[in-house]
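Start from the sequences and build out the full structure, keeping to the hints where you can.
4 protein chains.
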Amino acid sequence: MASTTDSAQATENNDHLIKSTDSKHPANLIPALCRKFWGLGWVSGTGGGASIRENDLVYLAPSGVSKELMEPENIYVLSMSKQEDPKKRVYLRSPLNLKPSQCTPLFMAAFTRRNASCCIHTHSQWAVLITLLLENQPSSNRVFEINNIEQIKGFGKGFQKQGNLGYHDTLRIPVIENTPHEEDLAEYLEEAMDKYPDTYAVLVRRHGVYVWGDTVDKAKAQAESLDYLFQLAVEMHKLGLPWVSSIAQIGPS
Amino acid sequence: MASTTDSAQATENNDHLIKSTDSKHPANLIPALCRKFWGLGWVSGTGGGASIRENDLVYLAPSGVSKELMEPENIYVLSMSKQEDPKKRVYLRSPLNLKPSQCTPLFMAAFTRRNASCCIHTHSQWAVLITLLLENQPSSNRVFEINNIEQIKGFGKGFQKQGNLGYHDTLRIPVIENTPHEEDLAEYLEEAMDKYPDTYAVLVRRHGVYVWGDTVDKAKAQAESLDYLFQLAVEMHKLGLPWVSSIAQIGPS
Amino acid sequence: MASTTDSAQATENNDHLIKSTDSKHPANLIPALCRKFWGLGWVSGTGGGASIRENDLVYLAPSGVSKELMEPENIYVLSMSKQEDPKKRVYLRSPLNLKPSQCTPLFMAAFTRRNASCCIHTHSQWAVLITLLLENQPSSNRVFEINNIEQIKGFGKGFQKQGNLGYHDTLRIPVIENTPHEEDLAEYLEEAMDKYPDTYAVLVRRHGVYVWGDTVDKAKAQAESLDYLFQLAVEMHKLGLPWVSSIAQIGPS
Amino acid sequence: MASTTDSAQATENNDHLIKSTDSKHPANLIPALCRKFWGLGWVSGTGGGASIRENDLVYLAPSGVSKELMEPENIYVLSMSKQEDPKKRVYLRSPLNLKPSQCTPLFMAAFTRRNASCCIHTHSQWAVLITLLLENQPSSNRVFEINNIEQIKGFGKGFQKQGNLGYHDTLRIPVIENTPHEEDLAEYLEEAMDKYPDTYAVLVRRHGVYVWGDTVDKAKAQAESLDYLFQLAVEMHKLGLPWVSSIAQIGPS
Numbered sequence: 001m002a003s004t005t006d007s008a009q010a011t012e013n014n015d016h017l018i019k020s021t022d023s024k025h026p027a028n029l030i031p032a033l034c035r036k037f038w039g040l041g042w043v044s045g046t047g048g049g050a051s052i053r054e055n056d057l058v059y060l061a062p063s064g065v066s067k068e069l070m071e072p073e074n075i076y077v078l079s080m081s082k083q084e085d086p087k088k089r090v091y092l093r094s095p096l097n098l099k100p101s102q103c104t105p106l107f108m109a110a111f112t113r114r115n116a117s118c119c120i121h122t123h124s125q126w127a128v129l130i131t132l133l134l135e136n137q138p139s140s141n142r143v144f145e146i147n148n149i150e151q152i153k154g155f156g157k158g159f160q161k162q163g164n165l166g167y168h169d170t171l172r173i174p175v176i177e178n179t180p181h182e183e184d185l186a187e188y189l190e191e192a193m194d195k196y197p198d199t200y201a202v203l204v205r206r207h208g209v210y211v212w213g214d215t216v217d218k219a220k221a222q223a224e225s226l227d228y229l230f231q232l233a234v235e236m237h238k239l240g241l242p243w244v245s246s247i248a249q250i251g252p253s
Numbered sequence: 001m002a003s004t005t006d007s008a009q010a011t012e013n014n015d016h017l018i019k020s021t022d023s024k025h026p027a028n029l030i031p032a033l034c035r036k037f038w039g040l041g042w043v044s045g046t047g048g049g050a051s052i053r054e055n056d057l058v059y060l061a062p063s064g065v066s067k068e069l070m071e072p073e074n075i076y077v078l079s080m081s082k083q084e085d086p087k088k089r090v091y092l093r094s095p096l097n098l099k100p101s102q103c104t105p106l107f108m109a110a111f112t113r114r115n116a117s118c119c120i121h122t123h124s125q126w127a128v129l130i131t132l133l134l135e136n137q138p139s140s141n142r143v144f145e146i147n148n149i150e151q152i153k154g155f156g157k158g159f160q161k162q163g164n165l166g167y168h169d170t171l172r173i174p175v176i177e178n179t180p181h182e183e184d185l186a187e188y189l190e191e192a193m194d195k196y197p198d199t200y201a202v203l204v205r206r207h208g209v210y211v212w213g214d215t216v217d218k219a220k221a222q223a224e225s226l227d228y229l230f231q232l233a234v235e236m237h238k239l240g241l242p243w244v245s246s247i248a249q250i251g252p253s
Numbered sequence: 001m002a003s004t005t006d007s008a009q010a011t012e013n014n015d016h017l018i019k020s021t022d023s024k025h026p027a028n029l030i031p032a033l034c035r036k037f038w039g040l041g042w043v044s045g046t047g048g049g050a051s052i053r054e055n056d057l058v059y060l061a062p063s064g065v066s067k068e069l070m071e072p073e074n075i076y077v078l079s080m081s082k083q084e085d086p087k088k089r090v091y092l093r094s095p096l097n098l099k100p101s102q103c104t105p106l107f108m109a110a111f112t113r114r115n116a117s118c119c120i121h122t123h124s125q126w127a128v129l130i131t132l133l134l135e136n137q138p139s140s141n142r143v144f145e146i147n148n149i150e151q152i153k154g155f156g157k158g159f160q161k162q163g164n165l166g167y168h169d170t171l172r173i174p175v176i177e178n179t180p181h182e183e184d185l186a187e188y189l190e191e192a193m194d195k196y197p198d199t200y201a202v203l204v205r206r207h208g209v210y211v212w213g214d215t216v217d218k219a220k221a222q223a224e225s226l227d228y229l230f231q232l233a234v235e236m237h238k239l240g241l242p243w244v245s246s247i248a249q250i251g252p253s
Numbered sequence: 001m002a003s004t005t006d007s008a009q010a011t012e013n014n015d016h017l018i019k020s021t022d023s024k025h026p027a028n029l030i031p032a033l034c035r036k037f038w039g040l041g042w043v044s045g046t047g048g049g050a051s052i053r054e055n056d057l058v059y060l061a062p063s064g065v066s067k068e069l070m071e072p073e074n075i076y077v078l079s080m081s082k083q084e085d086p087k088k089r090v091y092l093r094s095p096l097n098l099k100p101s102q103c104t105p106l107f108m109a110a111f112t113r114r115n116a117s118c119c120i121h122t123h124s125q126w127a128v129l130i131t132l133l134l135e136n137q138p139s140s141n142r143v144f145e146i147n148n149i150e151q152i153k154g155f156g157k158g159f160q161k162q163g164n165l166g167y168h169d170t171l172r173i174p175v176i177e178n179t180p181h182e183e184d185l186a187e188y189l190e191e192a193m194d195k196y197p198d199t200y201a202v203l204v205r206r207h208g209v210y211v212w213g214d215t216v217d218k219a220k221a222q223a224e225s226l227d228y229l230f231q232l233a234v235e236m237h238k239l240g241l242p243w244v245s246s247i248a249q250i251g252p253s
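Protein chains in written order, with UniProt numbering: chain W, 1 to 253; chain A, 1 to 253; chain R, 1 to 253; chain L, 1 to 253.
To be clear, the hints were calculated from the coordinates, so they are not data collected in a lab.
Values in this document were obtained by computation on a predicted structure and should not be read as measured data.
Treat the hints loosely; a few may be bogus.
As the list claims (entries may be wrong) - With beta-carbon atoms standing in for the labels, derived distance ranges:
1. A:238 with W:19: 47 to 53 angstroms
2. R:239 with L:87: 38 to 44 angstroms
3. R:244 with A:163: 40 to 46 angstroms
4. L:238 with A:21: 49 to 55 angstroms
5. L:40 with A:140: 45 to 51 angstroms
6. L:21 with R:195: 51 to 57 angstroms
7. W:170 with L:137: 41 to 47 angstroms
8. L:32 with A:35: 21 to 27 angstroms
9. W:166 with A:35: 24 to 30 angstroms
Where a beta carbon is used, it is the ideal one built from N, C-alpha and C, also for glycine.
Dropping the structure here:
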C-alpha cells in the first residue's frame with residue numbers, strides 16, 4: 001500500500017496520465033507494441049523504441065530498458081506546446097530511476113513536422129543491411145528505392161495526400177548519416193523530411209530506421225511493410241535480382 | 001450495456017452471424033488463423049487474408065487491419081446465392097468503419113469454381129521470391145514445379161479427385177501476372193484455374209499466393225506445405241540444386 | 001454430459017488410457033511436444049509426428065491433423081506385446097474419425113530394436129537440405145558426418161552404452177532412401193539400425209529425420225541438437241567450411 | 001502435502017533459498033530468462049545456461065535439462081565465500097536427481113574476477129559461425145572486431161569504467177580454444193579476461209559465447225546486442241562487407 005508521501009509524489013508526477021484500463025491508451029499500447037517488436041528482433045538489447053502522440057500529449061518509451069518487459073509506469077509524458085527550449089525538455093510525467101530516450105528529438109520531428117500520431121524506431125538488421133548495401137551511393141543523396149512489389153501498397157502516398165502508393169509506384173526511403181549521439185540525428189532527419197516531404201520513413205546508416213504514421217495502426221503497418229521490403233530486398237540482392245525495374249519489363253498489367 | 005438503438009442496429013446488421021462460443025465457427029476461426037499467419041510472416045502490414053465458406057455463407061476478413069489483432073466483430077458475411085452483380089457485392093453483415101477486402105473476388109472464385117471451403121492469401125516472401133526466380137519463363141506460361149520431396153504429399157490430387165499427390169509426382173503451381181488493383185486479379189486467377197484445373201493454389205507475381213482447400217484444415221495444411229516448399233526451393237536454388245529431377249536420378253524406390 | 005451410449009463407447013475404446021491430469025502423461029506430452037515442434041517448423045502442414053512408449057504401451061499421434069492443434073483425445077494407443085501381425089496392427093484405443101500415422105512401423109522399430117522410449121519424426125528443412133547436399137555420395141552408404149562442434153555432446157554414445165559423445169568425436173547419421181509409401185521405409189530404417197547400431201537418428205532422403213532416445217527428454221534433446229547441427233552444417237556449406245576436420249587442424253585442446 | 005521427512009530434507013537442503021513470490025528473485029528469473037533464450041535458439045538441446053549472483057550467493061541452472069522447462073526447484077545455490085577448493089564445490093542447496101552445470105567454473109570466473117552479477121552462456125549458431133570465420137587468425141590471438149554499427153552502444157566501456165562504447169569505437173571479443181571438458185575452459189577464459197580486461201564476453205571456438213554484466217539487465221542486454229552483431233557480421237561476410245572500417249570511410253559524422 002502506497003504511503004501518503006508516495007501518493008503525493010504520484011500526484012505531483014501526474015501518474016494519472018499513464019494509468020488506464022483501456023488497452024488502446026498510449027501508456028498501455030507502447031509496451032504492447034514493444035513486446036511485439038522485440039519478438040520481431042527490432043528492439044533487441046534495449047535498442048529502438050516507440051512514441052505515441054495524442055493531441056498535445058506525447059508518450060515515450062524510456063532509454064535502456066528491455067523493451068519486451070516495459071510497463072506503463074515506465075512511460076514518459078510531455079506536452080508539445082510546453083517545450084520552449086528543445087535542449088531542456090520538460091516532462092509532465094517521468095518514471096523513477098530511468099532516463100528519457102535519446103530518440104526523443106527524432107520522435108518530436110515526426111510529430112511537429114508531419115503531424116504524425118506515432119513514430120517507431122527499430123534496429124532491424126534488414127534496415128542496417130540495406131544501408132550497408134547502399135554505401136556505394138554518394139552520402140549526399142543516398143536513397144533506398146523499390147517498385148513493382150505488392151507490399152509497396154502498404155504505404156501512404158505522402159504528407160497530407162489521400163490514398164496509398166500503387167504496385168508500380170517507386171517507394172523511396174532516404175538514408176541519413178549516423179551520428180555518435182542519437183539526439184544529433186534530428187538535424188539530418190529534418191533535412192531528409194524537407195528533401196523527401198512525402199516519405200513516412202528515414203533509414204539511418206548502420207543504425208536502423210524511423211517510421212511514422214498518421215495513426216498508430218498506420219505507423220505499425222508501415223513499419224511492418226517496410227521491414228518486409230528490406231528483407232525481401234536483401235534476398236533479391238543475394239539472388240542477383242534488381243530492386244527497381246521498368247513497367248515494360250514487368251509486363252502489360 | 002448496448003442501448004436500444006445499438007441493439008436494433010446489431011439486429012439489422014445480422015450480428016448473430018458472427019457471434020458464437022464455438023471456436024470452430026468461421027467468425028472465430030478466421031481471427032485465430034490470421035494470428036497464426038501473422039506469426040509466420042504471411043500477413044505483415046495488413047497484407048494477405050483468409051475467407052471461409054459454410055454452405056451458402058461466406059465469411060471474410062476486412063481490408064487494412066492488423067491481421068493478428070482481428071476480432072470476430074471485424075468479419076464480413078455474404079450469401080453466395082444473393083450476388084446478382086459481382087461489381088455490386090451485397091453483404092449480410094458488415095463491420096463498422098471498415099472496408100471489404102480487395103481479395104473478395106479471388107476468394108469467391110475458389111468457392112464458386114472449386115467448391116472450396118476456405119481460401120488463404122499470403123504475402124509470404126518465399127512465394128514472392130519464387131515468382132521472381134521464374135521471371136525468365138515466358139509470362140504466358142509461368143509455373144512453379146517441384147518433385148521428389150516428401151512434403152508434396154501434403155497436396156490433394158486435384159478438383160473432385162480422391163487422395164493426395166505422391167512423393168514422385170510433380171506439384172505444379174501456376175504464376176499469374178499482378179495487377180495494380182487486386183480485384184482485377186480475379187480474371188487471371190480464373191484463367192489459371194481453367195488451365196490448371198487440379199491446382200489448389202495460384203502464385204501472383206511479385207505479390208504472394210492464393211491457396212484453397214475442400215475444408216479449412218486442408219486449406220491450412222496446403223498453405224503450410226506450399227510455403228515449406230517455396231522456402232526449400234529458394235534454399236535449393238541458392239545451393240545450385242534443381243527443383244525437378246527424374247526418378248532415375250532419384251533412385252529405385 | 002455424455003449419454004449412456006457415449007460412455008459405453010468410451011469404455012470399450014479404453015479412453016481411460018489417454019485421460020490424465022499429469023502433464024507428463026504421454027497423452028498430454030505428445031500434443032505439448034507437437035505444439036513446440038510446429039513452432040520450430042518441424043511438423044508444418046500435418047507432416048512429422050511423435051510417439052512415446054511406456055513399458056508395453058505405445059502412444060501415437062494420428063495422421064493428417066494440424067500437429068499444433070492436437071489434443072489427448074486424438075492419440076492412438078497400442079500394446080507392443082499384442083502385435084502378432086505388423087501388417088494388421090491392433091489398437092487398444094483409437095480416436096474417432098482419424099487414421100493411424102504411416103510412421104507407426106518406424107516408431108515401432110525404435111521401440112523394439114533400440115528399446116527407445118520416444119521417437120520424433122520431423123520434416124525439418126535443414127534435415128532435407130543435408131540429404132540433398134549428400135546426394136553426390138553413393139546411395140548405398142550415405143552418411144552425414146560432423147565433428148569438433150560442442151553441440152555434438154548432446155548425443156549419447158550409442159545403444160546400451162553409458163555417457164555422451166565428446167567434442168572431438170564424429171557424429172554419424174545414416175541417410176536412407178525415401179519410399180513412396182512411408183510404411184515401406186521401415187525396412188530401410190531397420191537396415192540402417194543394423195549397420196549403425198549406435199546411431200540415435202536416421203535421415204530420410206528429401207523427407208526428414210527420425211530421432212529417438214532412451215527417455216522422452218533425451219529424444220527431445222537429441223532432436224533439438226541434431227536440428228541445430230543440420231542448420232549449422234548448411235550455413236558452413238554456404239560459407240565453404242568443411243563439416244569434418246582433423247584434431248591437428250583444430251589444435252592442441 | 002509434504003511428509004515430515006520431506007520437510008526435514010527441504011529444510012536441510014535450504015529450499016527457502018529458491019522459494020520466492022518475487023519474479024525478480026534469481027530462482028524465478030533464471031527459468032524465465034532460459035525460456036526466452038530457448039525461443040532465441042541459444043540453449044537448444046539442453047546446451048547453454050545462466051547464472052545470477054546476489055552478494056555472496058550464486059544461483060545456477062543445472063546441467064542437462066530442457067532449458068525452457070526449467071523450474072525454480074531445479075536451481076543450485078552456492079556461497080562464494082565458502083568455496084575453499086574449486087575442485088570440490090560445496091552447494092548450499094541442490095536439486096534432487098540433477099547434476100551441477102559444467103559451466104559453473106566459468107560463471108564463477110565472471111563473478112570473482114569481474115564482480116559480475118549475471119553470466120549467460122549460449123550456443124548461438126551466430127557465435128559459432130563467427131568463431132569458424134575467424135579460424136584463419138592465429139589461435140594465440142583470435143578476436144572478433146566490429147565498429148561503426150549503432151548496436152555497439154549496447155556494451156559497457158569495460159571493467160570498473162563508466163558509460164558505454166560509442167558508435168565509432170571498436171568492440172573486441174576474444175576467442176578462446178574449446179576443450180573436451182567444459183570445466184577446463186575456465187583457465188582459458190581467465191587468461192582472456194587478463195588479456196582483454198574490459199571485455200564483457202568471450203567467444204569459445206566451435207562452441208558458443210559467455211557474456212556477463214554488472215546487473216542482470218545489463219548481462220541480458222549485452223547478450224542480445226552481441227548476438228545481433230554476430231548475426232549481422234555473418235550476413236555482412238556473405239555480402240562481402242568488412243566488419244571494421246575507418247572513420248574516414250564512414251564519413252564526417
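To see whether the hints hold, each was checked on the structure:
| no. | hint | verdict |
| --- | --- | --- |
| 1 | A:238 with W:19: 47 to 53 angstroms | holds, 51 angstroms |
| 2 | R:239 with L:87: 38 to 44 angstroms | holds, 39 angstroms |
| 3 | R:244 with A:163: 40 to 46 angstroms | holds, 43 angstroms |
| 4 | L:238 with A:21: 49 to 55 angstroms | holds, 51 angstroms |
| 5 | L:40 with A:140: 45 to 51 angstroms | holds, 46 angstroms |
| 6 | L:21 with R:195: 51 to 57 angstroms | holds, 55 angstroms |
| 7 | W:170 with L:137: 41 to 47 angstroms | holds, 44 angstroms |
| 8 | L:32 with A:35: 21 to 27 angstroms | holds, 24 angstroms |
| 9 | W:166 with A:35: 24 to 30 angstroms | holds, 29 angstroms |
Comparing the model with each numbered hint stated earlier shows that all of them hold.
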